[in-house]
Structure formats: C-alpha cells, structure tokens
Amino acid sequence: MKIEVTPELIALYHQGKCTSEENEAVVDWLLDPETADELHLPDSESEAVHKTRIWRGISKGMKTSVIPLHRFGTLYWLSTPYFKVACAACIILMIAAFSLARNYINLADSAVTFDNLGSDSTKMGNISNLSLILSPKSRAQTSTSLWGNATQIRFCGSLEVTNNSGQDMELVFRSDCKNTGYTLQKVMVAKGKSYLAMHYHLNTDEIIVVDKANMLNLPPFLVTQFIKDFKLI
Amino acid sequence: MARIFCAVIALIGLILLSCDKNPSHKSDSSPNRYGILVNAVDEEYFIQTPSLMEDADHNDAVLKKVSPIIFACRDGFYYGIDETKKRITRYKPDENELVEDKICALDSIPWKYFSSWHDWVSEDTLMIGSTMEGSQFVYALVDVRTMTVARHGAFDIPLPVKPEYYGGVFAKFRDKRIYVAYTLYEGVNSMAPARDTTYMAVVEYPAMRTLDLQKDTRSTWPGGYFLHAPFSLINNGDIYFLTQPGGRTHNHPTKATGIYRIKKGEERLDSTYFFRPTDKQKQEGYLLYDLGRGKALIKMVEKKRVDRYMDYLEKRIVDYYVLDLYTQKKTKLDLPLDRLAFENNVLVENDQVYIAVNTGKNESTIWQYHLSTGKLTKGITIDGRIIMINRLQ
Numbered sequence: 000m001k002i003e004v005t006p007e008l009i010a011l012y013h014q015g016k017c018t019s020e021e022n023e024a025v026v027d028w029l030l031d032p033e034t035a036d037e038l039h040l041p042d043s044e045s046e047a048v049h050k051t052r053i054w055r056g057i058s059k060g061m062k063t064s065v066i067p068l069h070r071f072g073t074l075y076w077l078s079t080p081y082f083k084v085a086c087a088a089c090i091i092l093m094i095a096a097f098s099l100a101r102n103y104i105n106l107a108d109s110a111v112t113f114d115n116l117g118s119d120s121t122k123m124g125n126i127s128n129l130s131l132i133l134s135p136k137s138r139a140q141t142s143t144s145l146w147g148n149a150t151q152i153r154f155c156g157s158l159e160v161t162n163n164s165g166q167d168m169e170l171v172f173r174s175d176c177k178n179t180g181y182t183l184q185k186v187m188v189a190k191g192k193s194y195l196a197m198h199y200h201l202n203t204d205e206i207i208v209v210d211k212a213n214m215l216n217l218p219p220f221l222v223t224q225f226i227k228d229f230k231l232i
Numbered sequence: 000m001a002r003i004f005c006a007v008i009a010l011i012g013l014i015l016l017s018c019d020k021n022p023s024h025k026s027d028s029s030p031n032r033y034g035i036l037v038n039a040v041d042e043e044y045f046i047q048t049p050s051l052m053e054d055a056d057h058n059d060a061v062l063k064k065v066s067p068i069i070f071a072c073r074d075g076f077y078y079g080i081d082e083t084k085k086r087i088t089r090y091k092p093d094e095n096e097l098v099e100d101k102i103c104a105l106d107s108i109p110w111k112y113f114s115s116w117h118d119w120v121s122e123d124t125l126m127i128g129s130t131m132e133g134s135q136f137v138y139a140l141v142d143v144r145t146m147t148v149a150r151h152g153a154f155d156i157p158l159p160v161k162p163e164y165y166g167g168v169f170a171k172f173r174d175k176r177i178y179v180a181y182t183l184y185e186g187v188n189s190m191a192p193a194r195d196t197t198y199m200a201v202v203e204y205p206a207m208r209t210l211d212l213q214k215d216t217r218s219t220w221p222g223g224y225f226l227h228a229p230f231s232l233i234n235n236g237d238i239y240f241l242t243q244p245g246g247r248t249h250n251h252p253t254k255a256t257g258i259y260r261i262k263k264g265e266e267r268l269d270s271t272y273f274f275r276p277t278d279k280q281k282q283e284g285y286l287l288y289d290l291g292r293g294k295a296l297i298k299m300v301e302k303k304r305v306d307r308y309m310d311y312l313e314k315r316i317v318d319y320y321v322l323d324l325y326t327q328k329k330t331k332l333d334l335p336l337d338r339l340a341f342e343n344n345v346l347v348e349n350d351q352v353y354i355a356v357n358t359g360k361n362e363s364t365i366w367q368y369h370l371s372t373g374k375l376t377k378g379i380t381i382d383g384r385i386i387m388i389n390r391l392q
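Note that the protein sequences, when read in sequence, are chains A and B.
Sequential numbering of the first sequence, starting at 0, is according to numbering that gives the first Met the number 0.
Sequential numbering of the second sequence, starting at 0, is according to numbering that gives the first Met the number 0.
Hints listed in this document are in silico derivations from the structure and should not be mistaken for laboratory results.
Heads up, some of the hints might be wrong.
Within a straight-line C-alpha distance of at most 20 Å, the following computed DMTMM-like cross-link-like pairs (lysine to aspartate or glutamate) qualify [as the list claims (entries may be wrong)]:
(1) B/LYS214 <-> B/ASP195
(2) A/LYS190 <-> A/ASP204
(3) B/LYS314 <-> A/GLU20
(4) B/LYS302 <-> B/GLU266
(5) A/LYS185 <-> B/GLU313
(6) A/LYS211 <-> B/GLU313
(7) B/LYS63 <-> B/ASP93
(8) A/LYS192 <-> B/ASP237
(9) A/LYS227 <-> B/GLU163
(10) A/LYS185 <-> B/GLU163
(11) A/LYS211 <-> B/ASP310
(12) B/LYS377 <-> B/GLU313
(13) A/LYS192 <-> B/GLU185
(14) B/LYS294 <-> B/ASP237
(15) A/LYS211 <-> B/GLU42
(16) A/LYS136 <-> B/GLU185
(17) A/LYS190 <-> B/ASP337
(18) A/LYS192 <-> B/ASP41
(19) B/LYS314 <-> A/GLU23
(20) A/LYS190 <-> B/ASP350
(21) A/LYS227 <-> B/GLU185
(22) A/LYS211 <-> B/ASP93
(23) A/LYS185 <-> B/ASP41
(24) A/LYS185 <-> B/ASP306
Pulled a few chain A residues facing chain B out of the computed Cβ check, cut under 7 Å [what the hints assert, rightly or not]:
(25) LYS83
(26) ALA87
(27) SER164
(28) LEU201
(29) GLU205
(30) ILE207
(31) ASN216
(32) PHE220
(33) VAL222
(34) ILE226
(35) PHE229
C-beta atoms are modelled at their ideal positions from N, C-alpha and C, and glycine is treated no differently.
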C-alpha cells in the first residue's frame, strides 16, 4: 500500500524516526518532480488560514514557526539532510585548513618552557612523553599542536631529546633565537630514541638534528661540545 | 612500529636483484665468498653471498643484529669494538651471522672511540689508537691470536694547549715507524676553522718514541676521526694520505683537499709531491680507497649540491673518481650519486673494484668497475645501506 506523505511524516523523517518504507516514500516524494505540491492538512484546519499565516510570517522577517514545505524554499533546504552534510563538509574543510596551517601557526594547548640560559652546566627537563637535557646557555619550549601529533620544540642553543612516549613521534625543531633565518627541522623519533639538536652555520643558518647513536655525523667541534656537555660516548 | 616491522621483514626477505646477464660473471662453486655488513632500520646485519654480481637465494635467511662497531676484517675474522662494554670482540662469520669468537677486554686502558684509528703492525698485532676525544694520543697493541692487550700507552706527541684539540687524525705503520698526522682546532663552542697546518709526528716502533715533528701548510685536517674508515694507503712502499678540510669534517676557508706522500725509505713529507684532486672553489674530497697499482678511489662532493650541513647527511651528493697517484689525473665514474658516508663500501679484487652505492634511503646497488678497461657493470641490489664488503675466501 502506498504510504501517504504528510507533514507529520516529513517531521518524523527529519527526526530520523521513519521506517525504511516511510523513508523511501518521503525520498520518492522529494525527488519526484511530478508530485503535486499539495498539503494534506487535518480536517479541522483551513488551507487559507495556513497560507495567511505563512505570508504574514514571511512579511515579518520569517519570525513565525510555520514550516514552509515547498520543496525549493529556503527554509526547506535549511531543514534537509543535504544542508547538514554541507555544514559538515565546511567544518571538515576548516579543520583540514587549520591542520595544514598548524606548522606555520603556533597553536599550542600546553607549552612548557625550560630555561638554562644563565647556567654553565646542563639542565634536565621532563614533560609527559619527552625528556630533555639542555646544554649550558640554552632554552627550550615544548608545545603540542591542538590538531596534530607533532610536538614542537622551540629552542636556543642545543639540547638532547628522548622519546619516552612508548610510540614513534614526530618532533619539529624550530629556532627561538633572535636571528630568525633558521629553517625548521622535522624528525620522526622512534620510541626510546634520543636525538641531538643544535644551531649551525655552514652556508646559511640551520638547525642540525641527528640520532644520538650517529653523533659522529656532527661536525667535530660539536661532537666535542656534546661530549663535554652531556658526557657522551 | 609497523614501518620497522615491514622494513625488517623486507630485509629478511633480502631482495637480491640480478642485473648482469653476462655468463662470464657466474660465481664459482665455492659458496658465500663475500661478507656484507648492511645497515637497515638503524640496525646492522651481516649477510654472506656467493656473488656480488648475481642474485642468490636468500629467502630463508634469518638475520641477526650486529651490535658493536665492526671496524676491521682480516684472515677470515671480523673485529668489532664496543666502547660502553670496553672490549674488542673477534667474530667468525657464519651463515648470515657474526658469531662471537673471543673477547679482548679494554677496561683497564684509556681509550675513546671518537677520533681514533687502527692499523696492523704485524700479521698478528692490531694497533688501535685514539686521541682521547682530541686531547691526547694513546695506543693499544692487541695480540689477535690470544685477544689480549700486549701493550698500551701514550704517545709523547706535544699535547694541545687549551682551547685547542687534535683534529683530523691519520696514522700509518711502516718499517718500524708510525707516522701520526693531525691538525689543531678549537674544540668546544667555536666554529673557528681548524689551523691551516698539518702536523706529522714520526714515532719509533716499538719504542714508541717521537723522533720528529714536521709542519706543512699545503693542506690541513689530515685523515679523519673514524676508527674504521680508510684515509691512506701504501703503494710500492710509498705512503699516501688524504686531507679533508671540507664542510663535512671541518671547513677551512682556503685549504683544499690534498694527498701527501711519504716516500719509501724517507721519513719526511715529500716536498715535491702534493696531489690536489679537487678544485677548492667547487669540490671537496673525502676518503681514500686503495685500488692497487698506483690507483685510488675518492668520494667527491660538488659544493653546489650542498646548501646546508644537513645536506651532507640527507642528500645524495657523492661522485666517485679514480685517481692516478703517479700522473695526478682523475677520472669520474659514471655512477649514480651516493650519500657521503665514512664506510668501507669498496672492495678490490684483482682488476675488479666493487663499489656499493646507496641509491635510495633503503637500498644499495653494487657496481663492478674494471680497472683496466674502465667498464662499469651493475651488480646486485640489497635492501639497506652497505657499510662494509669483504672477501671471505
């Protein structure tokens, strides 16, 4: 038996309370261009009264709660699942845009600063999943992106970072020195691994980051510096 | 974790691709003539193969990690050093495994890995030397038959005066003399260039007494600070050694890569010989591999390929050149660009030179270079970065 599409049924449809047969009937009705745009009002209600209310509502800037059921009306579209999908798509796009921008914007939800600028000895520091050893006259600030796994480390001087998180993690090293010509350096640090990060200048200002196990990849005077600072090897 | 697992599985699978269809390169009947040390997923593994040119079935190979730093291979044994455990271990190669054979304790002697070298002073005597991280030259003589330290001590070479450290570092034994070359640099928190001078001490062996200390300013930063890497060779009794004043080691603003000679029967740097294989403005040279018959192989870096120091570590920037030490000519090999690694990735077998080129982050291809004809032939490709190739039989 054909199910009749009524305002009550459409209301149930928007609330997601229809049976599969009712859903199908509503969708058929919505998609069928031949369907007459007729209202099936309760016997006690006059079509003329509703029309008057509708026009009055429109003239007052749509302030009434009357729901227009014309398929191509603005309010109709606002009440359809398509609009919700569009809204969701916009939100997803915005999140994606923020995710892309997170490497360029410091969106931090938990920044921790370790200051060793005034010291001639090393300084240890810990946050939940990282441990740091700062060289003398160094400073570091760690922060975690709101929408990403990468931990940002802004630093001046040099430091050793160990991943205690129990899983691989991405670290993004940036310079926090006054000279801003340094490029950032990203590394994927395996769990339990330690990395050394420092500033350097060969042809240009740069940040060097190496696995501590490959310390001899550093220029020799930096090797001697780390040996002295961290009692390595 | 999944990435590491996949890489290890890939390594265990060990894809060996044959690219050479020439039957003349068929391996002989003796299996596993070559030992290869390979680094994959930050771990080192040992494999054996009957041929460097043709595929072999390694699908059942189960590889075991090699923990210490393997720095030498001689008479079928490998030698590795573990600084934290303070010991040298002798290994015997077994099917895709280096089996611990004998241990030599170093716990009672001063020795540091950074800025060290090794050489053989006799068939059974291994000399390991160290600058104690740039501060003092020391040595230990290891009897490899018993794997015990026969002697150890300090050289009486003048100590560096603070804030300077020994830099570069080259040492070679020949005819009761040990030639020790170095330069000086400011060690900590200073980017000041190394001194423009090469110092060379002539040390009497076995008395270990310094007989002479020479200075030369044609180049600086002689040798390097890697225990295992080759920076020198002896050809017809003449010692040749390389200087590396490039950006990867310790950039010097004016000095270029060069090769010094100490002639047979003489104990001084040859003032008539200095081979400059690079153009200081355009190139830097690193490592010197002995090819025999007056030829050597060098890793050359075009400076235009290096913008940042990290390029030395991350990019493929190395060209290989064959050097004629007599005529001082160089010939570029038509090989893919390699990474700059201080490794023993070259093996010489009569007229054939095998060069392992790291063509990608996780792959190395062995090329065969025919020294007489100059012909290059592509051999096997192995997952990982090849760090040592040796002939086992």
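So, going through the hints one by one against the coordinates:
Under the criterion of a C-alpha separation no larger than 20 Å, the hint pairing B/LYS214 with B/ASP195 is consistent with the structure, at around 10 Å. About 29 Å separates the Cα atoms of A/LYS190 and A/ASP204, which puts this hinted pair outside 20 Å; it is violated. About 63 Å separates the Cα atoms of B/LYS314 and A/GLU20, which puts this hinted pair outside 20 Å; it is violated. For the suggested pair B/LYS302 and B/GLU266, the alpha carbons sit about 35 Å apart, so the restraint of at most 20 Å is broken.
Straight-line distance between C-alpha atoms of A/LYS185 and B/GLU313 comes to about 12 Å, which keeps the hinted pair within the 20 Å bound. For the hint pairing A/LYS211 with B/GLU313, the CA-to-CA distance comes to about 16 Å; that is within 20 Å, so the pair holds. Among the hinted pairs, B/LYS63 with B/ASP93 is consistent with the structure: their alpha-carbon atoms are about 11 Å apart, no more than 20 Å. Annotation: proposed proximity of A/LYS192 to B/ASP237 is violated, straight-line Cα distance about 45 Å (limit 20 Å).
At roughly 14 Å between alpha-carbon atoms, A/LYS227 and B/GLU163 fall within 20 Å of each other, so this suggested pair holds. Between A/LYS185 and B/GLU163 the CA atoms are separated by roughly 33 Å; this puts the pair beyond 20 Å, and the hint is violated. The straight-line distance between the Cα atoms of A/LYS211 and B/ASP310 is roughly 18 Å, inside the 20 Å bound, and the hint therefore holds. With a C-alpha separation of about 24 Å, the suggested pairing of B/LYS377 with B/GLU313 is violated against the 20 Å cut-off.
For the suggested pair A/LYS192 and B/GLU185, the alpha carbons sit about 30 Å apart, so the restraint of at most 20 Å is broken. Our distance criterion of 20 Å between C-alpha atoms is met by B/LYS294 and B/ASP237, whose separation comes to about 13 Å. Pair hint A/LYS211 plus B/GLU42 holds up; C-alpha atoms about 14 Å apart against a cutoff of 20 Å. Distance hint between A/LYS136 and B/GLU185 is fulfilled; the C-alpha atoms sit about 19 Å from each other, no more than 20 Å.
A threshold of 20 Å between alpha carbons decides the hint, and for A/LYS190 with B/ASP337 the separation of about 29 Å lies outside it, so the pair is violated. Using a Cα cut-off of 20 Å, the hinted pair A/LYS192 and B/ASP41 holds, with the two alpha carbons roughly 11 Å apart. Taking the CA atoms of B/LYS314 and A/GLU23, the gap is near 60 Å; set against the 20 Å cutoff, the hint is violated. Taking the CA atoms of A/LYS190 and B/ASP350, the gap is near 46 Å; set against the 20 Å cutoff, the hint is violated.
With a C-alpha separation of about 13 Å, the suggested pair A/LYS227 and B/GLU185 falls inside the 20 Å cut-off, and the hint holds. Proposed proximity of A/LYS211 and B/ASP93 is contradicted: the alpha carbons are some 30 Å apart, above 20 Å. A hinted pair counts as satisfied when its Cα atoms are at most 20 Å apart, and A/LYS185 with B/ASP41 qualifies at roughly 18 Å. Between the alpha carbons of A/LYS185 and B/ASP306 the distance comes to roughly 17 Å, so the proposed pair stays at or under 20 Å and holds.
Because the smallest distance between the Cβ of A/LYS83 and any Cβ of chain B comes to about 36 Å, over 7 Å, the interface hint for this residue is violated. About 30 Å separates the beta-carbon of A/ALA87 from the nearest beta-carbon of chain B, more than 7 Å, and the hint is not met. Taking 7 Å as the C-beta contact cut-off toward chain B, the hint placing A/SER164 at the interface is violated, the least distance being around 12 Å. Of the supplied interface hints, the one on A/LEU201 holds, with its beta-carbon coming within about 4 Å of a beta-carbon of chain B, less than 7 Å.
The interface hint given for A/GLU205 holds, since its Cβ lies 5 Å from the closest Cβ of chain B, which is under the 7 Å cut-off. Because the closest C-beta pair between A/ILE207 and chain B is about 6 Å apart, less than 7 Å, the hint holds. With a cut of 7 Å, the hint placing A/ASN216 at the interface with chain B holds, because the nearest CB-to-CB distance is about 5 Å. Nearest Cβ of chain B to the Cβ of A/PHE220: about 6 Å, under the 7 Å cut. The hint holds.
A distance limit of 7 Å between C-beta atoms decides the matter here; for A/VAL222 the minimum to chain B is near 6 Å, and the interface restraint holds. Evaluation of the A/ILE226 hint against chain B yields a held restraint, the C-beta minimum of about 6 Å falling below 7 Å. This hint is violated: A/PHE229 has a C-beta 12 Å from the nearest C-beta of chain B, more than the 7 Å allowed.
Checked against the numbered hints given earlier, this structure breaks hints 2, 3, 4, 8, 10, 12, 13, 17, 19, 20, 22, 25, 26, 27, 35; the rest are met.
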